[in-house]
Structures are given as C-alpha cells and as structure tokens.
Amino acid sequence: MTALLEVSGIVCGYGAADEILKGVDLQVAPGELVAIIGPNGAGKSTLLKAVAGLLKLKSGGIALEGVAIGATSPRARAQAGIAFVPQEANVFPTMTVWENLEMGGFVEPRHTRTRIQALLERFPMLADKRRQAARTLSGGQRQVLAMAMALMVHPRLLLLDEPSAGLSPKAAEALFDDIAAIHAEGTAIAMVEQNALEALAIADRAAVLVDGRTALVGPAKQLAADPQVRRLFLGG
Amino acid sequence: MLIELLQVVLNGLLSGAQLAVPAIGFTTIYAVLRFPNFAVASHMTVGAYAGVLVNTQLGWPAGLALVAAFLVAGTVGVASDTLVLRRLRPSGPLTAAIGAAALGIVLENIVRFCFANDPRGFDLPVLRDWRVSLGALGQLRIGPQQTEAAAASLIAMAILFAFLAFTRSGRMMRAVADNPTLAALKGIDAQMVARRANFVGMGLAGFGGMLIGLDTSVDPLTGYRVVLPVFAAAVVGGLGSIPGAVAGAFVVGIGEEFSTIVLDPSYRTAVGFAAILLVLTLRPRGLLGERAL
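For the record, the sequence lines run as chains B and H. According to numbering that gives the first Met the number 0, the first sequence is numbered sequentially starting from 0. According to numbering that gives the first Met the number 0, the second sequence is numbered sequentially starting from 0.
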C-alpha cells in the first residue's frame, strides 16, 4: 500500500548554513497515528514544519500519496489536505472563535457554516465562547480551538506539534482523548510530543529522532516496552 | 472662555476625522505588510488630484469625486507595490520603508511634472459657516465643508470596519495581520492579501487626501503637508490598530487645535512630533497597539 506521507532523507534548517534535520525518513500510512519522540533539539518540530511547507528542503523529498510536494507552498499543502497545528501561535488572537474556525476552513469555503456548527457540537466549550476573541481563551481552550480549525478541512494528514505543552494534566488528558477520537475516525496523524508515554499510549507507530536523524522506528507499544528507549527517552 | 474651549474641541474633532482616514490607510498596510509605507503621502496627493480633476474637468460632484480619489489612489498603490516595494520587502522593514520614502518622492515629482505646482481648487459652492447658539455661553461656528468632510470620513471608516468584520477578504486581511505564518498554513494567499491591503490602504490615503484638498487646495505637496500628523495618529493609536488610528487621529487633531491657544498656528505640526515622542516614551505600543486591525 502506498504510504500517505513519505519523507525520504530530508535535510533542512532555518538558515543557509543551518542543518537541523540531517537525513530524516518517516512514513505515515492512511489512518495511522505516528508519534515522533526524541530529546530536545532532535528536530521533531522542524520535521513537522518541513512537512507543512514552512521550511525549504536542501535535499531529500516529501510525497503525499506518491505525489512529490517537497517544493510546494504551505498553501498548496493545505489544499492537498495537510493541516498543521503549531505548538504556539496556533490561533488568530484578535479574531473570534467563530472567525478562527472560518479561517481554518479557508481552502474549503463551501459548507463552512455547517462544518462550524458540527465542530461546535463536538467541542461544546467552543460553542459557549464562539463570539469571544481567541486571545481570551485559556491554553487548553486554545489548543482545542487550534485542532478544531485544522479539522475544518477534513484533513488527510494532521500534524500536531506538542499539543499538550503548557497544559494542566487534566487539560492534557482531555486533549489526548480528543486526539484519540480524531484518530479513531480515520484521520492520519503525525504528532510530536514531549509527553512521550502518553503519545505512545495512543499511537500506532513511533519514530525516535536523535540529532536530526531517524534513530528508531517501530510499533508504539513495542518501543514503549523497549528498555533502552524507556531509559533514554521515557524517563526510565 | 468655555465657548472657546468647546470651539477648539469641535475644530479638533473635525480635523481629527479628516486625519483618521489616511491614518487607517497607513496602519492597514502596516498591519498586513509590517513596514511603514511612507509613500502614503504621495498617494494622498494622487487621490486629491484625481478628485479635483474629475470634479473640475468632468463636473463630478464631491461624493463621486471621493470615490474616484479612492479608486485611483488604490490602483496606483497596488501598481507601485507590485512594481517596486514587493521586491524590497524580503530585505526587511527598514529597506522597504526607505524604498517607500523614495517611491513617494518619485510619485510626487511625477504629479508635479504632469500638473505643475499651481494649486487647484474644487468647483464647489462656498458655504457660510453655520452658527449654533448655546444660549448664554455664546455661539459655535461650524464649517459646512469641514462637517461634510468629517461625515465622509465617518462613512468611510464605517465601510472599512464592515469590510473587515463581515467580508471574507476583510477577514483574510485580519488573519494575515494577526499571524501571517498561521494564515499561510491555512492556505491564505499572502500576495493577494498584500494587493488588497495596498488597494484599501492607499485608496483610503487618496480619499483622505481629497478631503484635505476640499478643505484647502490641491498641489503636489498636499499629502506631505499632513503626513506627519497622519503618521503621529497611527503611532499614538498603536501601529497596526485601526481603532487605534482613529483614536490617535482625534488625539492629534484636538491636540493641534489646543496648541493654537498658546502657540502660533505655524507650530501646530510640533504637536505631532510631541505626541510621537510622548507615546513612544510612556506607552511604546500606543493607545490600542495590542490588537491587529
């Protein structure tokens, strides 16, 4: 079966002489949840930014369902069905919750109102605050809004960058439940997460990145049980 | 004494309403493109000339001439950005700002070459000031043309607010102003938004330029004479904030009028400098600088 996302040996960084990723490979199958874990500075968030089109590749390639997208714009990738939820600055702060959702569905403007209504039913907290500016939301509420914005386009691939960062344990738990529910509906997800144990608990597979390279790939439960992985990345 | 103060406040409000339109044009472009486009002055002049020409040559009334001023200045704004400033923006805001200042001088001289330095006036009837009695306090004098200009400003502002709040294009502009990276991730075309921001921003500059021309006359320096208070209004209100630019325009307008009580009117532009210095010292983000558009 053709992988939904195929990342092959990509090299990139934030400047001309900068190479954060030094040859990363990653595959995500349709409907699969892949956790990307590793130490700080390994290039996990950089990998998601490269897949979303925010960074220019120096070498390597990215393909979505076999179609090369490595040189396309973020807009083209959004139109192709990739939705990226950054760790920070992932909502439009002065716009209302409703307007944020509209912008989330920008590339698919038909039936916007119906889709927003469906998402407000799914996330009732957002319905209560639909006329409030996003900057007035708590950290957890913003993360939910950011994910709802991504779901406005029925993405083929959802990229989540540390969705639980800065959240209380209770808010993080609720968010992981939401992510698991989105995955259960068949949406493919690639998720970078510092809380590796939680990520591995809901993921199908995981990739371990070390110093800009893919060090390990395997079933999430197998990696979670691997003594070396536990010692190095999961706090024992 | 009280009636004189009321007169000063009224004059300040009328003058602030005129400043507000080009100030929100300037701040709209800043919010979306993140550089101060000093060519706003020459676009005010372009708009003023467009208005005066269609009024005197084609006999268009002031209302239609204002529409022409908006459309011509907006179109020139899009063309000048596409041909010149778009190439400079990747080099950073300082380079783009210097380029905009140079572009403004070029445009001003093109206007001078085409229409010479002679001031031109609108072909409109001269109306006597209205006098409003406040009983024992005395009388307020209100200029009909200034009042009409202020009303036109308020209408333009209301249309802009409605455009930003209720149209897809307006929301796109607000999204890019809020968070350009996220806007790109959501598939919003930054180049298209830049063109629309330039059209709206420079169109408003042209509209404001004609309002100022209606109050005085039109010559190649029409925009440059008021660009400092316009810039001051945007900075005082908070660069990138449209409600801030409106608030800043009224602060600068009223401040300028109050300054004429103690200073010779030729020093009134010093109020703009003073307002910029005061705000940058005490509240660098301006009155409402937290919000974009």
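Keep in mind that the hints were calculated from the coordinates and are not lab data. No residue lacks a Cβ here, since even glycine has one placed at the ideal position from N, Cα and C. Among the hints, erroneous ones may be present.
Facing chain H, according to a computed beta carbon distance under 8 Å, are these residues of chain B, among others [as the list claims (entries may be wrong)]: (1) Ala51; (2) Leu53; (3) Leu56; (4) Ala77; (5) Gln78; (6) Gly80; (7) Glu87; (8) Ala88; (9) Asn89; (10) Trp97; (11) Glu101; (12) Gly103; (13) Phe105; (14) Val106; (15) Phe175.
Where chain B lies over chain H, by a calculated footprint (3+ residues, C-beta under 8 Å) [as the list claims (entries may be wrong)]: (16) 102-111; (17) 163-174; (18) 225-233.
Interface restraint verdict for Ala77 (chain B) against chain H (beta-carbon cut-off 8 Å): holds, 4 Å
Would you settle whether the hint for Glu87 (chain B) is holds or violated, based on the nearest Cβ-Cβ distance to chain H being less than 8 Å? violated, 10 Å
Count the residues of the segment 225-233 of chain H whose CB lies closer than 8 Å to any CB of chain B, then report whether that count reaches three. Per the Cβ count (0), the hint is violated.
Per the coverage rule (Cβ-Cβ under 8 Å, at least three residues), is the segment 163-174 of chain H covered by chain B? Result for this restraint: holds, n = 5.
Identify whether the interface hint at Asn89 (chain B) stands, where standing means a beta carbon of chain H within less than 8 Å of its own. For Asn89 (chain B), the interface hint holds, since the closest Cβ of chain H sits about 7 Å away, which is under 8 Å.
Using Cβ atoms only, decide whether Leu53 (chain B) comes closer than 8 Å to chain H, and label the hint accordingly. holds, 7 Å
Supplied contact hint for Glu101 (chain B), tested at 8 Å Cβ to chain H: holds, 6 Å
Less than 8 Å between beta-carbons is the criterion; does Phe175 (chain B) satisfy it with respect to chain H? Interface hint status for Phe175 (chain B): violated (23 Å vs cutoff 8 Å).
Can Ala51 (chain B) be said to touch chain H, with a Cβ gap under 8 Å? holds, 6 Å
Restraint outcome when Leu56 (chain B) is required to lie within 8 Å of chain H by C-beta distance: violated, 17 Å
Against chain H, run the beta carbon of Gln78 (chain B) and see if the smallest gap drops under 8 Å. Since chain H brings a Cβ to about 6 Å from Gln78 (chain B), closer than 8 Å, the hint holds.
Was the hint right that Gly80 (chain B) lines chain H, CB cutoff 8 Å? Violated. Min distance 11 Å.
Of the numbered hints stated above, those contradicted by the structure are hints 3, 6, 7, 10, 15, 16, 18, listed in ascending order.
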